[in-house]
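Participant: The chain contents come next:
There are 2 protein chains.
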Amino acid sequence: MTDPTQNTRILLASRPHGEPTSDNFTIEAVPIPVPAEGEVLLRTIYLSLDPYMRGRMSAAKSYAAPVEVGTVMQGGTVAEVIESRDASLQVGDVVLSFTGWQSYGVAAAKHVRKLDPTLAPISTAVGVLGMPGFTAYAGLLEIGRPQPGETVVVAAAAGPVGSAVGQIARIKGARAVGIAGGPDKVAWLEELGFDVALDHRSPTFGDDLKAAVPDGIDVYFENVGGHVWDTVLPHLNTYARVPLCGLVAHYNETELPPGPDRSSRLMTSILTKSLTIRGFIQTEFVKTHYTAFQEDAAEWLRDGTLRHREDVVKGLENAPEAFAGLLKGTSFGKLLVQVGDDPTRTS
Amino acid sequence: MTDPTQNTRILLASRPHGEPTSDNFTIEAVPIPVPAEGEVLLRTIYLSLDPYMRGRMSAAKSYAAPVEVGTVMQGGTVAEVIESRDASLQVGDVVLSFTGWQSYGVAAAKHVRKLDPTLAPISTAVGVLGMPGFTAYAGLLEIGRPQPGETVVVAAAAGPVGSAVGQIARIKGARAVGIAGGPDKVAWLEELGFDVALDHRSPTFGDDLKAAVPDGIDVYFENVGGHVWDTVLPHLNTYARVPLCGLVAHYNETELPPGPDRSSRLMTSILTKSLTIRGFIQTEFVKTHYTAFQEDAAEWLRDGTLRHREDVVKGLENAPEAFAGLLKGTSFGKLLVQVGDDPTRTS
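Residue numbers (my numbering), protein chains in the order written: chain Z, 1 to 347; chain Y, 1 to 347.
Careful: at least some of the hints might be erroneous.
For identical chains, the list gives no copy identity; a pair is met inside one copy or between any two copies.
[Unchecked claim] Lysine-lysine pairs mimicking BS3-like chemistry, simulated, CA-CA at most 27 Å apart: (1) 273 to 328; (2) 287 to 328; (3) 61 to 287; (4) 210 to 273; (5) 328 to 110; (6) 328 to 314; (7) 210 to 61; (8) 273 to 61; (9) 114 to 314; (10) 110 to 287; (11) 61 to 328; (12) 328 to 210; (13) 287 to 273; (14) 210 to 172; (15) 114 to 287.
Please keep in mind that the hints were generated in silico from the structure rather than gathered at the bench.
Computed from a predicted model, the values in this text were never measured in an experiment.
Only chain Z is shown next, with the shape it has when bound in the complex (with noise of 0.2 Å):
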């Protein structure tokens, strides 16, 4: 692991065009920073790897800004309070915050939440509790609005937000189909009792989706585009619904792919099956929605009904190499990298 004595950081060092290689990033060791007042110190337990972070290291607009060359990476991170300069937090504390690919962060006190350890494992806070799970809530039931008995299709399902749509999707009622990369996946999927998963890669996927999907599609959660989608479009039902959080496989295109310009097609697809496609990005529903999810979210898992799977890289230094893996697929559930000592955890 990293110098204690130190701050470990990574620093966006260039652009990528097409995909990240270590090249895009510099690793260095400066001084632990120092609280002010109403600011905490924090030590990361876990940095929370997600494909969003491929769009910040790009210039192009996009609904953030982009992380500027020489600054830290920006992302979700799971911390212990090691020093507070603020009365709402103690020393001990573990809070969700946004400190970045670095072992040491000082943020705001206002700007990062306590979790309580004995509720759920401290690291679901940047998963099935966080973000991607709340990401799959807001989404599915707010835009896609499956109704019970309507088939529900989500592509990289064996992620942390597609694992769990098609949960979600089953518990109101709907049948769920999941799409995923390599025979493990499935497998997973099928454990979590998906009615239907389909390897991507299988060469009769057109056909097993075709074969899964008897009464069409209703709600088709995207996150990754490319040749999934183009298997789904035509399997889309008249009044579909198509949240859209994601198209990993596009984010590391470095110009369009040749012709001929099927846009004009996929307009023409959403006007003859009067499809709705809606892309949206979580914040948008937090006041909204926030309280809702985590209030179903926690009795789901307690209750059993909502599972997950962490896929944990020990070390900071290796976050550039596991975020490459990520948007290739290689990763398998939530990605997290452990930076430190999990104080929660007494194995």
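Starting from the structure of chain Z, add chain Y where the hints point.
Facilitator: Chain Y only, in chain Z's frame:
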């Protein structure tokens, strides 16, 4: 006009490849049909020509079954009852019907709607008070949901749908920007009270649109596609809504345009701007919104806040050419074919 002792009708002779031509239609005269019990014999006064008819001429799967080759072209009509075998309708009644491209037709009395010629000109039943007006009303208010002060942009704004969209947007307190082809149409939109009217054929159209939407676009009512859509897309605001009810620019396409393939870029725009793109056909909203539409539209028409314009072509035999022009944008206002005398007009 047509021989009043026979039923003149226009059949689909063949499916068009690209633009419909006269070869795709056959005109013939057959005996006037005889109504059965519960039916009425109708004399066509006005035939409505609408872009959706291009879709019915093709075999491609859409929201409605295609017109079969060798059968009468479908279409909404305003007609006079000349023989009635149902107690609900009398000879001389004027009705809204769907008897298609022919001078006489038989319909079940329960499938036509009696019109009151004292309330509004009967031709409005297929225009501002009919399907096009309702398409504008339902799509704008239910999907577009413009808020006071927001910017609504509509294409084909001099058509019966677009002109209603812009005027209803203004009634609801939004800014209305209309896009049409040619200076006459632009002048009429300004007369109607659109905040800005733009000519998409102008070489400065891109700059004109940019200048017309300093706060971006919150609602784009889409019924065209093509280069207008390409120009609009970059100006859509986060959370913009795109009700999509037509793609006239693409109806005559015989193959996909050359590359690159911009479909993933379209999806990326939907994602990064949290857009809603929603295809619809007005029939979806009939049960829930038609009564409110009729009340609102009749009131707006009476008080002059909702104006409309008709482009009346005389003679059923001219329907094919008029329809081809509709797809090319040569009509101006609601396109009607006057098939027979209008007994409610004294001129």
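Participant: So, for every hint listed, does it hold in this structure?
Facilitator: We went through each hint and held it up to the structure:
1. Proximity of residue 273 to residue 328 under the C-alpha cut-off of 27 Å is restricted to the inter-copy arrangement: shortest distance 25 Å between copies versus 32 Å within a copy.
2. For the identical chains of this complex, residue 287 and residue 328 are neighbours neither inside a copy (33 Å) nor across copies (47 Å), given an alpha-carbon limit of 27 Å.
3. Within a single copy, residue 61 and residue 287 get their C-alpha atoms as close as 25 Å, which meets the 27 Å cut-off; across copies the closest is 42 Å, which misses it.
4. In the homo-oligomer, the alpha carbons of residue 210 and residue 273 lie at most 27 Å apart inside one protomer (18 Å), although the nearest pairing across protomers, at 31 Å, exceeds that limit.
5. In this homomeric assembly, residue 328 and residue 110 never come within 27 Å of each other (Cα to Cα): the closest approach is 36 Å inside a single copy and 60 Å across copies.
6. Proximity of residue 328 and residue 314 under a CA criterion of 27 Å is satisfied intra-copy only: 19 Å inside one chain copy versus 63 Å between copies.
7. Taking the closest pair of Cα atoms, residue 210 and residue 61 come within 27 Å of each other only across two copies (18 Å); inside a single copy the shortest separation is 37 Å, beyond that limit.
8. In this homomeric assembly, residue 273 and residue 61 come within 27 Å of each other (Cα to Cα) only across copies, at 10 Å, whereas the closest approach inside a single copy is 31 Å.
9. Within a single copy, residue 114 and residue 314 get their C-alpha atoms as close as 24 Å, which meets the 27 Å cut-off; across copies the closest is 76 Å, which misses it.
10. Taking identical chains as interchangeable, the C-alpha atoms of residue 110 and residue 287 lie at most 27 Å apart only when both belong to the same chain, with a minimum of 17 Å there against 50 Å between chains.
11. In this assembly of identical chains, the alpha carbons of residue 61 and residue 328 lie at most 27 Å apart only when taken from the same copy (23 Å versus 36 Å across copies).
12. Within a single copy, residue 328 and residue 210 get their C-alpha atoms as close as 25 Å, which meets the 27 Å cut-off; across copies the closest is 39 Å, which misses it.
13. When the C-alpha separation of residue 287 and residue 273 is checked against a cutoff of 27 Å, the pair qualifies only between copies, where the shortest distance is 19 Å, while the shortest distance within a copy is 32 Å.
14. Proximity of residue 210 to residue 172 under the C-alpha cut-off of 27 Å is restricted to the intra-copy arrangement: shortest distance 23 Å within a copy versus 45 Å between copies.
15. Taking identical chains as interchangeable, the C-alpha atoms of residue 114 and residue 287 lie at most 27 Å apart only when both belong to the same chain, with a minimum of 18 Å there against 50 Å between chains.
Hint violations for this structure: numbers 2, 5, all remaining hints satisfied.
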